[in-house]
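Colleague: Bring the two chains, given one by one in their own frames, into a single complex with the hints.
Chains A and B, in that order, are what the protein sequence lines are.
All residue numbers for the first sequence refer to full-length UniProt numbering, where the first residue is 1 and numbers rise by one.
All residue numbers for the second sequence refer to full-length UniProt numbering, where the first residue is 1 and numbers rise by one.
To be clear, the hints were calculated from the coordinates, so they are not data collected in a lab.
Cβ coordinates follow ideal geometry from the N, Cα and C atoms, glycine included.
Take these hints with a grain of salt, some might be off.
Selected chain A positions facing chain B (Cβ under 7 Å, derived; list incomplete) [to be verified]:
| id | residue |
| --- | --- |
| 1 | 28 |
| 2 | 32 |
| 3 | 51 |
| 4 | 82 |
| 5 | 124 |
| 6 | 129 |
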Amino acid sequence: MAGLELLSDEGYRVDGRRAGELRKVRARMGVFAKADGSAYIEQGNTKALAVVYGPHEMRGSRSKALHDRALVNCQYSMATFSTGERKRRPHGDRKSSELTLHLKQTFEAAILTQLYPRSQIDIYVQILQADGGNYCACVNAATLATIDAGIPMRDYVCASSAGFIEDTPLADLNYVEEAAGGPQVALALLPKSDQIALLEMNSRLHEDHLEQVIEAASKACKDVYAVLDQVVRDHVHEVTTLLGE
Amino acid sequence: MAAGFKTVEPLEYYRRFLKENCRPDGRELGEFRTTTVNIGSITTADGSALVKLGNTTVICGIKAEFAQPPAESTNKGYIVPNVDLPPLCSSRFRPGPPGEEAQAASQFIADVIENSEIIMKEDLCIAHGKLAWVLYCDFICLDYDGNILDACTFALLAALKNVQLPKVTINEETGLAEVDLKQTNPLNIRKHPVATSFAVFDDTILIVDPTAEEEDLATGTVTIVMDEEGRLCSVHKPGGSGLTAAKLQDCITRAITRHKEVKKLIDKVIKSIKIK
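Okay, chain B solo, but in the shape it has when bound (with noise of 0.2 Å):
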C-alpha cells in the first residue's frame, strides 16, 4: 500500500516522513549515512581509495606522471581530476562521452583542489622548466545513490593520503631524469578539504547527504567544502530555491562538524595502514 503511494506521489510520500522530522531510510534530517573507506587497494595505481556513503560508491585511483611544466609557472606541476559516471553505477546514464553531471563533477572537483590548496603545486616541480610530476585524479563512481560530490572529495583527500612517489634525480652529465623507486615519499598534504552537500525540499526544509530519489525531488542542492582551519573553501549553489543567509550559517555549522567526523576516520585509516 505504501509502495504504491510513494509511486504515484513521490512527492507527498516524502512530505509526510519530513512533518515527522525523519527521512524514509530512518535517517533524521541531519544525519549521514555510513561511511567506509579502503585505501592502497589497487596496486597498478599510485594511490587509490574507496570511498562508500551509504550505496554510493566512488573509487579514485592516481597515477603520477612526467610532464613539462607549464610557460607560465615554471616551477609548478599539474593536477588533473576527471569524474567519470558511467552507465554501470545507474540506469540513468548512457554509454558514450561524458555527460554534463560528469562534467560538473570533474570541475567541481579541480576548483576544491584549486581553492583549497590541498597540495601547493610547486610542490610537484622536480626541476625547473623542465620536469614536473602530473598527478591523474580519475575517480569513477560504481554505484549511484547521490551526493556524489562529497564522495569524491573525500576519495580524493584519502587516495592523496595514499600516494607515495618515487625520489627522481637529475642525472648532471645527460640531464635525463633517474628514478628511484625504492625511496618513496608520501604526498605533502597541506589543508584537508571536506564536502558536504544538502538538497532544499519545498525552499524550506534543508536535509544532509541526499540520495538519489531525494536529489530527484529536491527543489536546490548545496555543498560546502571545508578545511581543518574552519576556512570555507568553496561554497557551490547551482540555482534551486533560494536560501536565508540564517540557513546557510546552518549549513556552515553543520559542515564544520561533519568536518570532524571524516578527518577522524581518515585518520584511523592512514594510522592502520602505516602500522603494517
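Just chain A, with the same shape it has in the complex (with noise of 0.2 Å):
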C-alpha cells in the first residue's frame, strides 16, 4: 500500500520523533489582562489558548445553580482559519459541541467545586492552530488557566493522545498520524494518584493491546506533567520576584 509512512522501518515517525517521544511544548500563564486566569500552550504546531473566569455568581438562569457545588461552563471553540480548510462554524457543530461536554465532565472531576456553592466557573478555550491533539492541549491549557485563576484542584490534569501503529504504540499523534485512520486513544490523566479523567478510543483495537496503548498515553501525561509542572512554578517564582517578596 502506497503512502505515508507512519513508522519507518527505523523507528522513525514523519515528523522524526519515536514513538513513544511528546512534540515540544511550550507554556506560558497569565498571558492576558481582563481574565482571572489565562495560558496559551503550543504542543508542537497545535496552539490553544484558555481562559478561565470564576468563581463567579451564576449568569443567567438562577435556577440552574447547584446549591452544594460550582458550576463548570466549557467553551470549546476552533479558529475558522485553524485547519487547513477553513472551518465554516467554529462552535456549535456536534464535534465542538462534543469536546465542549467532555472538557466540562474531565474538569467537574479535577476542580474542588464544593468550595464554592451556587456559583460558575467559566473555562473557555480556543484552538488558534490544529494539527492533532486538540482536546489534548485544550485540557493541559486549561488546566493552567485554572492554576493561573486560583482556583483549587485535586491534581493537575494532563492529557495525551495515543496510537498503535505496526504493534507499536504511539505517543501524541499529530494530524497526520491521526488522519491515517487507525485506532486512536485520549487520556486525561490526574497524575499523581494516577486517576483517569477521561479515556476515549476510536477505531477498533484488539483487547490484547489497550493495556500497552494506555501505559504509552499514561506515559506521555506524565512527560506533559513533568513540563506543566516546571511552567507554573516558574510562572511563580518570576511573580513572587516581581511582587518583591
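Modeller: This is the structure we're talking about:
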C-alpha cells in the first residue's frame, strides 16, 4: 500500500520523532489582563488558548445553580483559520459540542467544586492552530489557566493521545497520524494519584493491545505533567520576584 | 482609599485625572498605548497577524478559497471580513450568536475595505466569469480592553501584507483550475488605511485610544481612518455628544501622525520577515 509511512523501519515517525516521544511543549501562564486566569500552550504546531473566569455569581438562569457545588461551564471553539480547510462553524457543530461536554466532565472531576456552592466557573478554550491532539492541548491549557486563576484542584489534569501502528504504541499523535485512521486513544490523567479523568478510544483495537496503548498514553501524560509543573513553578517564581517577596 | 473612590464615583475619579491633563494609566490625552504586531504565526492560515494595543489583543487569520465571481461584476473577487468577540475576551460577552458590537465592528471593517480600496477586487479575479479568489478575513478578539476598531484595522493591514496566494492557471482542455503551491505571490496592497479612535468626555475633552473603562465612561466616540496620501477613508461617529468642526480637525491631525507611526511599525515588521 503506497503512501505515507507512519513508522519507518528505523523507528522514526513522519516528523522525525520516536514512538514514545512527545512534541515540543511550550506554555505560558497569565497572558491576558482581563481574565481571572489564562494560559497559552503550543504542542508542536497545535496552538491552544484557555481563559478562566470565576468563581463568580451565576449568569443567566439562577435556577441552574447547584446548591452544594459550583457549576463548571466550558466552551470549546476552533478559529476558522485553524485548520487546512476553512472551518465554517467555529462552535456549535457536533464535534465541538462533544468536546465541550468532555472538557466540562473532565474539569468537574478535578476542580474542588464543593468549595463554591451556587457559583459558576467559566472555562473558555480557543484553538488557534490545529495539528492533532486538539482535545489534549485544550485540557493542558485549561489546567494551567485554572491554576493561574487560583481555583483549587485535586491535581493537575494532563492529557495526551496515543495510537497503535505496526504493533507499536505511538504517543502524542499529530494531524497526519490521526487522519490515517488507525486506533486512537485520548487520555486525561490526574498524574499523582494515577486516576483517569477521561478515556476515549476510536476505531478498532484488539483487547490484547489496549493495556500497552493506555500505558503509552499514561507515560506521555506524566511527561506533560513534568513540563506543566515546571511552567507553573517558573511563573510563580517570576511573579513573586516582581512583587518583591 | 483611591480604589474605594473609584468604585463609588468612577466619573469623578476620572475627572480628577483629566483636570491634570493625564489619565489613570499615566498616559497623556493624545498618547497611544504600546503597539506590538506579530506576523505569520498561524501556518494553517494563508496570512495572519496578531496585534496588541496595550492589553487589547486581536488576531486576524486570512483564508483564501475559490468561488465564482458575482453575476453583476464578473471580474471581481470577494473579501469577507468577520469580527468575533467571544466570551473569552471579556466577561461582558455571553456565549451565543454574535452580539451587536461584533456585528457593528464587522460592518465597519467591511466599509474600510470598500472605501479605502486597500485591495482592488479586480486583482482577485482569476478567470472572468468563472473563477475568483475569496479572502475570508476572520478577526478574533482575545483580550478586550477598548479600541477594538483600531486593533482590527491594523491586524487586517498586517495580515493582508502577509498573505501569499499560489499561482492558478486554467487548463485549456479540461477547463479546471490548476494550483501551483510552489509559486506564491503576495497581494497587491494599494493603500494602507490606519484607524485612530477617540473618546469624548463631558462633551468637550477628547482622548485618544480609550481603554474599556474609558469607553464605558465616555459620552461619545469617533473613529477616523486615513491612508498614506492624507485622504480620509472613513469617519465613524456613532451618535454621542456633538463635536465642533475645529475639534474634528484636531482629530484628523492626530490621525495623520498616528498613520506615520503605524506605517513605520508595519514596514519594520515586514522587513524583518523578508530578511529571514
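Colleague: Can residue 129(A) be said to touch chain B, with a Cβ gap under 7 Å?
Modeller: 5 Å, holds
Colleague: Taking the least C-beta to C-beta distance, is residue 51(A) closer than 7 Å to chain B?
Modeller: With a closest approach of 4 Å, the residue 51(A) hint holds.
Colleague: Minimum Cβ distance from residue 28(A) to chain B below 7 Å?
Modeller: Cβ of residue 28(A) sits 13 Å from chain B, so the hint is violated.
Colleague: Should the interface hint for residue 32(A) be scored as holding, given a Cβ-Cβ cut-off of 7 Å against chain B?
Modeller: 4 Å, holds
Colleague: Report holds or violated for the interface hint on residue 124(A), using the least CB-CB distance to chain B and a cut-off of 7 Å.
Modeller: 4 Å, holds
Colleague: Hold the hint about residue 82(A) up to the distance rule: shortest CB distance to chain B must be less than 7 Å.
Modeller: 6 Å, holds
Hint check: a violation occurs at hint 1 only; the rest are consistent with the structure.
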